[in-house]
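There are 2 protein chains.
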Amino acid sequence: MALDKQEIALWFQGLQDRICQQLEAFDGKATFQEDAWTREAGGGGRSRVITEGNVLEKGGVNFSAVEGPTPEKILNALKLDQADFFATGVSIVLHPSSPKVPIIHMNVRYFEMSNGIWWFGGGIDLTPIYVIEEDAKHFHQQLKAVCDKHHADYYPKFKPWADDYFYLPHRKETRGIGGIFFDRLSGNDDFTKEERWKFLQDVGELFAPLYIEIAGRHKDETFTEEEKGWQLLRRSRYVEFNLLHDKGTKFGLDTDGRTESILMSMPPLAKWEYCHTPAPNSPEEKTQSLLKKGIDFAGM
Amino acid sequence: MALDKQEIALWFQGLQDRICQQLEAFDGKATFQEDAWTREAGGGGRSRVITEGNVLEKGGVNFSAVEGPTPEKILNALKLDQADFFATGVSIVLHPSSPKVPIIHMNVRYFEMSNGIWWFGGGIDLTPIYVIEEDAKHFHQQLKAVCDKHHADYYPKFKPWADDYFYLPHRKETRGIGGIFFDRLSGNDDFTKEERWKFLQDVGELFAPLYIEIAGRHKDETFTEEEKGWQLLRRSRYVEFNLLHDKGTKFGLDTDGRTESILMSMPPLAKWEYCHTPAPNSPEEKTQSLLKKGIDFAGM
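If you're matching them up, the sequences are chains A and B in order.
Note that our numbering has the first sequence beginning at 3, numbered continuously upward.
Note that our numbering has the second sequence beginning at 3, numbered continuously upward.
Please note that a few of the clues may not be correct.
Since the list can't tell identical chains apart, any single copy or any two copies may satisfy a pair.
Unchecked claim - Distance condition first, Cα-Cα at most 27 Å in a straight line; then the derived DSS-like pairs of lysine-lysine:
| no. | residue 1 | residue 2 |
| --- | --- | --- |
| 1 | K195 | K230 |
| 2 | K159 | K252 |
| 3 | K230 | K273 |
| 4 | K81 | K31 |
| 5 | K159 | K273 |
| 6 | K295 | K75 |
| 7 | K294 | K221 |
| 8 | K159 | K294 |
| 9 | K294 | K230 |
| 10 | K102 | K81 |
| 11 | K200 | K273 |
| 12 | K221 | K273 |
| 13 | K230 | K75 |
| 14 | K75 | K102 |
| 15 | K102 | K273 |
| 16 | K102 | K159 |
| 17 | K102 | K252 |
| 18 | K102 | K195 |
| 19 | K249 | K273 |
| 20 | K195 | K288 |
| 21 | K195 | K139 |
| 22 | K151 | K174 |
| 23 | K81 | K252 |
It is worth saying that the hints were derived from the structure and are not from the lab.
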């Protein structure tokens, strides 16, 4: 394997830099604050958080590269004997202040173990407070284009994977309009490690321009108190997903990661209202009706 | 066993009524709204929610009695063959609007299976936004008195159990000042089922007068924007505990319970702030310093 873990980690660091620069230029007001941290059992990271910007109310763009003995929970799940692990990646969640601008998440990561096992994983998904069809179409078409460039099977596989992954079973709703999700992409007859890596790199580079395009369409729109209230409710679903289901959050907390970096994904403010139901024929009801699996946004 | 599940469930229903009456009288403005619900696989419940009261911003007092085939997850955890289960109890979380009034939680429950296994479980714990020593002392002394009435070992066992249970490992802090927690109290040489049940009943009846006493001490105090902000931050820790760790929430969601009833424990509004640290020597820092295990509040 020519491609080694340090090379991957270094590239991720560069990606973090590039994304932060693009987001700062776009926001036009706030800048990222960095906290470098180390992990007792090995490795560390650079957390970058932006708050109270023109567009971004709270956002995190995190890089980490952690290593050490693989935690028991993970070994048991994989049914493997003790081995060291190395995990590196970039993880992003952006909470804009306006309900007209969607929440977005991206993660690109690499994992390897001292027994030779390795894989890539990641995904991008969009959580609009109000689903706008033409944005949803653009978002999915861009993801599809990056997937198609690398393999015709990718988008048809990774889009439904995102539908299944970013799903709240207790709400019977998806987190947003999905996107792509993939995990344990390792080498086989069809893909070399380098090919997997190139795909991951393209996903990583797509993130900032794609979000900036969509957020830019709506950042200057006005909004009402009711629309802000609906945003706070949708954010509470985001909290539920991340704390109940998100595997990255679980992995981070299980491996004794840095809590404030892991939970930078939490919204600045969220609201829970007992049995809230959108009014019939309202924009909120329309959005709710689109929070389901299997919608072909790219082909809309 | 003279004491059967229907008798227990009926008593819990009555407890729910009594607690709601006392809380309504105390609040003086809002009243509980009831939703009766049934569960597809068997049983149902009565959710009662109070909102926008003088004291209570959002609170739930839920009764449920559910039954049916025991979910796989639970059977696997208990290493048991298929059997039916029956679970009934009252579950309460109250979120007051004022940061001077603590959040409180109580749960009392009974669980049995068709293979003859049964147990009681439950607990009460208090989450002050600002810890006041004399309230903490009173709260723990009252819990201790109810425990001591039934067995000298109860409080010394159930108080540390609450410390361990209501704990956020990723924050290295307790949820609040704890209280008592107990689970799987079944019959043995020392305790009959009736004795366990009488203890549980006393815990249930203690709840309303105990909370009303402590909340009543502070409900009319004024508070600042900063104090409200600290409350929203503390509430976010409450969310984290309930979604990451609370076994009742997990059990409810795993057994396909009614989501809105289970998540009535969520606060009306919560805030996450990256790396928030209380100012040195502030009341917030003092509270933070008391969010740890092993403090003998009753003996303060």
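Consistency of the hints with the structure:
In this assembly of identical chains, K195 and K230 lie within 27 Å of each other by CA distance neither inside one copy nor across copies; the values are 45 Å within and 52 Å between. Taking the shortest alpha-carbon separations for K159 and K252, only the intra-copy value of 24 Å comes in at or below 27 Å, while the best inter-copy value is 30 Å. In this homomeric assembly, K230 and K273 come within 27 Å of each other (Cα to Cα) both inside a single copy, at 10 Å, and across copies, at 15 Å. Taking the shortest Cα distances, K81 and K31 never come within 27 Å of each other, neither inside one copy (49 Å) nor across copies (57 Å).
When the C-alpha separation of K159 and K273 is checked against a cutoff of 27 Å, the pair qualifies neither within a copy, at 34 Å, nor between copies, at 36 Å. For a Cα distance limit of 27 Å, the shortest separation of K295 from K75 across copies, 25 Å, qualifies, whereas the shortest one inside one copy, 30 Å, does not. For the identical chains of this complex, K294 and K221 are intra-copy neighbours only, at 26 Å inside a copy versus 43 Å across copies, given an alpha-carbon limit of 27 Å. Only within a single protomer do K159 and K294 lie at most 27 Å apart by alpha-carbon distance; the minimum there is 17 Å, versus 47 Å between protomers.
In the homo-oligomer, the alpha carbons of K294 and K230 lie at most 27 Å apart inside one protomer (23 Å), although the nearest pairing across protomers, at 36 Å, exceeds that limit. Taking the shortest Cα distances, K102 and K81 never come within 27 Å of each other, neither inside one copy (45 Å) nor across copies (50 Å). Proximity of K200 and K273 under a CA criterion of 27 Å is satisfied in neither setting, with 40 Å inside one chain copy and 39 Å between copies. For the homomeric pair K221 and K273, the shortest alpha-carbon distances inside one copy (22 Å) and between copies (23 Å) are both at most 27 Å.
For the identical chains of this complex, K230 and K75 are neighbours neither inside a copy (40 Å) nor across copies (39 Å), given an alpha-carbon limit of 27 Å. Proximity of K75 and K102 under a CA criterion of 27 Å is satisfied in neither setting, with 40 Å inside one chain copy and 41 Å between copies. In this homomeric assembly, K102 and K273 come within 27 Å of each other (Cα to Cα) both inside a single copy, at 17 Å, and across copies, at 20 Å. For the identical chains of this complex, K102 and K159 are neighbours neither inside a copy (30 Å) nor across copies (52 Å), given an alpha-carbon limit of 27 Å.
Taking CA atoms no more than 27 Å apart as the test, K102 paired with K252 passes in neither setting, with 30 Å inside one copy and 33 Å between copies. For the identical chains of this complex, K102 and K195 are neighbours neither inside a copy (40 Å) nor across copies (58 Å), given an alpha-carbon limit of 27 Å. Within a single copy, K249 and K273 get their C-alpha atoms as close as 23 Å, and across copies as close as 23 Å, so both meet the 27 Å cut-off. With identical chains, the CA atoms of K195 and K288 are never at most 27 Å apart, being 42 Å at best within one copy and 53 Å at best between copies.
Within a single copy, K195 and K139 get their C-alpha atoms no closer than 31 Å, and across copies no closer than 62 Å, so neither meets the 27 Å cut-off. For a Cα distance limit of 27 Å, the shortest separation of K151 from K174 qualifies neither inside one copy, at 33 Å, nor across copies, at 46 Å. Taking identical chains as interchangeable, the C-alpha atoms of K81 and K252 lie at most 27 Å apart whether they share a chain (18 Å) or sit on different chains (25 Å).
In this structure, the earlier hints numbered 1, 4, 5, 10, 11, 13, 14, 16, 17, 18, 20, 21, 22 are contradicted, and the remaining ones agree with it.
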